[in-house]
Amino acid sequence: MSDQDDAATLRFKSLIHARLAALDDEDALGRAGQSTVELDQQAVGRLSRQDALLNQSMAKARQARRDGLRRALEAALVRIDLGEFGYCDECGDAIAVKRLELDPTAQRCISCASG
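The sequence shown runs contiguously to residue 114 in numbering that gives the first Met the number 0.
Quick caveat, the hints were computed from the structure, so don't treat them as lab data.
Predicted model only: the values in this text are computed from it and were never measured.
Please note that a few of the clues may not be correct.
[Said to hold, decoys possible] Beta-carbon label-pair distances, calculated as ranges:
#1 Ile109 x Gln49: 29 to 37 Å
#2 Ser110 x Ala51: 45 to 53 Å
#3 Leu52 x Ala112: 36 to 44 Å
#4 Arg48 x Arg107: 41 to 49 Å
#5 Arg107 x Ser13: 19 to 27 Å
#6 Leu22 x Tyr86: 23 to 31 Å
#7 Ser47 x Gly114: 20 to 28 Å
#8 Ser110 x Glu25: 26 to 34 Å
#9 Glu73 x Leu52: 14 to 22 Å
#10 Arg10 x Gly91: 20 to 28 Å
#11 Ala51 x Gly82: 47 to 55 Å
Every residue gets a Cβ at the ideal spot worked out from N, C-alpha and C, and that includes glycine.
From just these sequences and the hints, can you work out the full model?
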């Protein structure tokens, strides 16, 4: 492996780890929104409770999105370790560096992804 390949690998690993750290930060902020909505008719009216339930549902959906992204980023790290990162799963061609910089979880080149 060349020095340029090593530098690119380190750059992508660093990018992926930074995105994982950002997800951890978002997780910490999102925990409060996912807590159980208590039924207290004296403090919260029916519409306020519905609003709280909707907010809780949205917080859980955001958490599910973060969990999926975390799994995809961790899979990208595995592909880096296996030497498969940056190559299309369908055709085997190299995936454009700009595409990987925008989305390091990309597993297909733009030609295969667009059909």
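Please flag the earlier hints that this structure goes against, numbers listed from lowest up.
Numbers 1, 7, 9 - these are the hints that the structure violates, sorted from lowest upward.
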